[in-house]
Amino acid sequence: HTNALRSSLQNLNAITDPLDKGNPGQVLSVFYPAGSYSPKKSLQVGGVHFWSEPFGKGQFDRALLSYEVGFPANFSFVKGGKLPGLYGGEPGTGCSGGSQSDGKMCFSLRLMWRELGVGEVYTYLPLSNRDKLCTHPMITCNDAYGQSIGRGFDFNKGAWNRVALYVQVNTVGKEDGVIQLYLNDSLWLDIREIPLRKEKGIGISSIMFSTFFGGNTPEYAT
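Quick note: the sequence shown uses full-length UniProt numbering, first residue 1, plus one each step.
Derived by calculation from the structure, the hints in this document are not laboratory data.
Where hints are given, some of them may not hold.
[As the list claims (entries may be wrong)] Once the Cα atoms are required to be at most 25 angstroms apart in a straight line, the calculated DSS-like pairs of lysine-lysine come out as:
no., residue 1, residue 2
1, K157, K21
2, K198, K174
3, K198, K132
4, K132, K200
5, K79, K41
6, K200, K174
7, K104, K57
8, K79, K21
9, K79, K40
10, K198, K104
11, K57, K200
12, K104, K132
13, K198, K57
14, K40, K104
15, K200, K104
I would like the entire structure built from these sequences, with the hints used as guidance.
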């Protein structure tokens with residue numbers, strides 16, 4: 001994962017909190033250069049993309065990822081972009097950019113903003129029971145890319161948005177996985193009976209620190 005890390009770290013900096021003047025601490029700032037979008041498609045490297053393994057090489061049945069994300073008051077959401085989330089399996093083995101999950105190698109759950117800052121959980125999960133999942137009112141499927149889950153909340157500009165993503169993997173052979181999303185401490189999404197894996201050896205392994213504009217076509221570009 002070294003190449004992805006080196007090519008995008010130039011866009012990550014620690015700065016004084018620009019949204020809360022009462023906070024003397026620093027925050028991470030991500031830069032999205034003009035004209036940048038999907039790392040695999042855009043010549044201009046925008047945003048940041050790497051995996052963080054805070055607990056080493058462990059694989060876990062459940063995890064809670066919480067952070068705050070802020071957008072400047074003049075931020076243009078364009079058509080959409082990715083935000084960090086959780087990854088299952090060996091980091092970098094797929095489950096992003098159109099590489100589908102077969103439930104045996106990997107799965108991923110990131111946050112995403114759409115036009116006008118509408119938010120969702122954006123996943124690559126094995127759709128073993130596609131008819132059931134894709135007709136769920138909170139799930140939108142895409143044959144070529146990932147699934148949109150829980151779309152409909154709003155990311156506010158000019159303020160911090162606190163998000164907490166809880167994921168519990170399913171028992172192998174059962175569809176009893178759990179995905180929950182809290183927005184500013186209020187439960188927004190609680191989806192159960194979700195398959196995340198087909199083999200016992202795959203668990204939640206890492207933070208997928210992935211944020212960029214896209215989509216993989218130029219109309220997503222900054």
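Practice task
Run the structure past the numbered hints and jot down the numbers of the failing ones, going up.
Solution key: 8
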